[in-house]
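These protein sequence lines map, in sequence, to chains A and B. So for the first sequence, our numbering puts the first residue at 1; every next one is plus one. So for the second sequence, our numbering puts the first residue at 1001; every next one is plus one.
Think of the hints as simulated: they come from the structure by calculation, not from any bench. The C-beta atom is built at its ideal place from N, Cα and C for all residues, glycine as well. One or more hints might be untrue.
[Stated by the list, open to error] Covered stretches of chain A, as calculated for chain B (at least 3 residues, CB under 8 Å):
{"hint": "1", "segment": "29 to 37"}
{"hint": "2", "segment": "75 to 88"}
{"hint": "3", "segment": "91 to 102"}
{"hint": "4", "segment": "113 to 127"}
{"hint": "5", "segment": "132 to 141"}
{"hint": "6", "segment": "145 to 151"}
{"hint": "7", "segment": "155 to 168"}
[Claimed, not checked] Residues from chain A shown here face chain B by an in silico Cβ test under 7 Å; the list is partial:
{"hint": "8", "residue": "PRO15"}
{"hint": "9", "residue": "ALA22"}
{"hint": "10", "residue": "TRP23"}
{"hint": "11", "residue": "PRO25"}
{"hint": "12", "residue": "TYR41"}
{"hint": "13", "residue": "ALA49"}
{"hint": "14", "residue": "SER50"}
{"hint": "15", "residue": "ALA54"}
{"hint": "16", "residue": "ALA57"}
{"hint": "17", "residue": "GLY61"}
{"hint": "18", "residue": "ALA63"}
{"hint": "19", "residue": "ALA65"}
{"hint": "20", "residue": "LEU106"}
{"hint": "21", "residue": "PHE171"}
Residue strings, one per chain:
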Amino acid sequence: MFADCFPLAASSVDPLQYPGPAWSPYLVGALIGGLSMLTFYFSNKPLGASTAYARVAGILGLAVARRHTERLKYYRDKPPKVGWELMLVVAAVAGSFLAAWSGGELTGRWLPEMWQQRFGSDSHVLRGVVAFAGGTLMAFGARMAGGCTSGHGISGTLQLGVGSWLSALCFFIGGIAVAMLLYA
Amino acid sequence: MTTLNDPAATAANEENQPETPETPEVASSKKLVLGIVFGLIFGFLLQKGGVAKFHVLIGQLLLVDFTVLKIMMSAVVVGSIGIHFMHRAGLVELHVKPTRYASNIIGGLLFGFGFALAAYCPGTGAAALGQGNFDAIGMMTGMFAGSYLFAELSGWLSRRVDPIGERGKIRLPDLLPLSPTATVFATVLLICAVLAAVEVYAVR
């Protein structure tokens, strides 16, 4: 069963055989650095993505179990609301669509090519379970650490926050370990 | 607060309201519009940078494709210099997150495990969905579940785990015998050295 899900033999996948970025990553990174200067100046906020998901989870929680959700410490400290963070993430979906459309890179796939090569073209359920588990772990970890790859990894490190550098390092240590197990 | 465009509105929103209104609170339309504008740019750049692609993110974690590192480190080079001098000029406030060694390390590792499973992080997942990677929906659903699960345990975690190694909002200049400006430039030099090495030894 395990071998069916994770065919360890004949599993060599090479990420470099698929296309890389459309633009120079240095240019994109520099522009994101400039964008973070704009968000600090105009919105008094650092770029960050994970809070938006926590806000949505809280709004859903209020709809389903209002009293219980209101009593949770995290939502007492940060009441769920529709704010800047949520708009940022929703608009990022649209911004990425425009970029992919303008560059002819729209995919429209349920299984990414490299995943499909590794786990087979009938692995939709496995992909769904793994992506869901990954999202759950990421959100829990991001809230515990205080941010995600953007909030800690870019915005926190560029302010030289000690906890942000430490968290970002741990993101990659944990990520490299599991990715090596799954794909190497 | 003197450096803000609308300090009153921001101050009002930063307060913790003890009672939750009947419908979720909605921020001022100016804030929402700015969020949309910045989000459009952010998502556009993430996609053009290739980090909405499954294989680019997994390639980074397998240490064969360094696109993610190049983008993050370039952003830190530009942003750290920019934010440092804007802060010195009194134009922006800093938003340093608290350092809590135990929570940073445990949360960071859990995030990393999830990152490798999902192959998208919270920001690049939005970009992945935008370019048509529908499997990002699974990751986003998981993000809602994980966020609520954290909220369930947030009282216990804040009492038992957050205090372990709690150091407050410390920054690298607080630990190093360097001025903040010198720390910024030392960090930038170190990043440039790392990027130069990646450029020499890595294929992508």
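Which earlier hints turn out false for this structure, listed by number in ascending order? 18, 19
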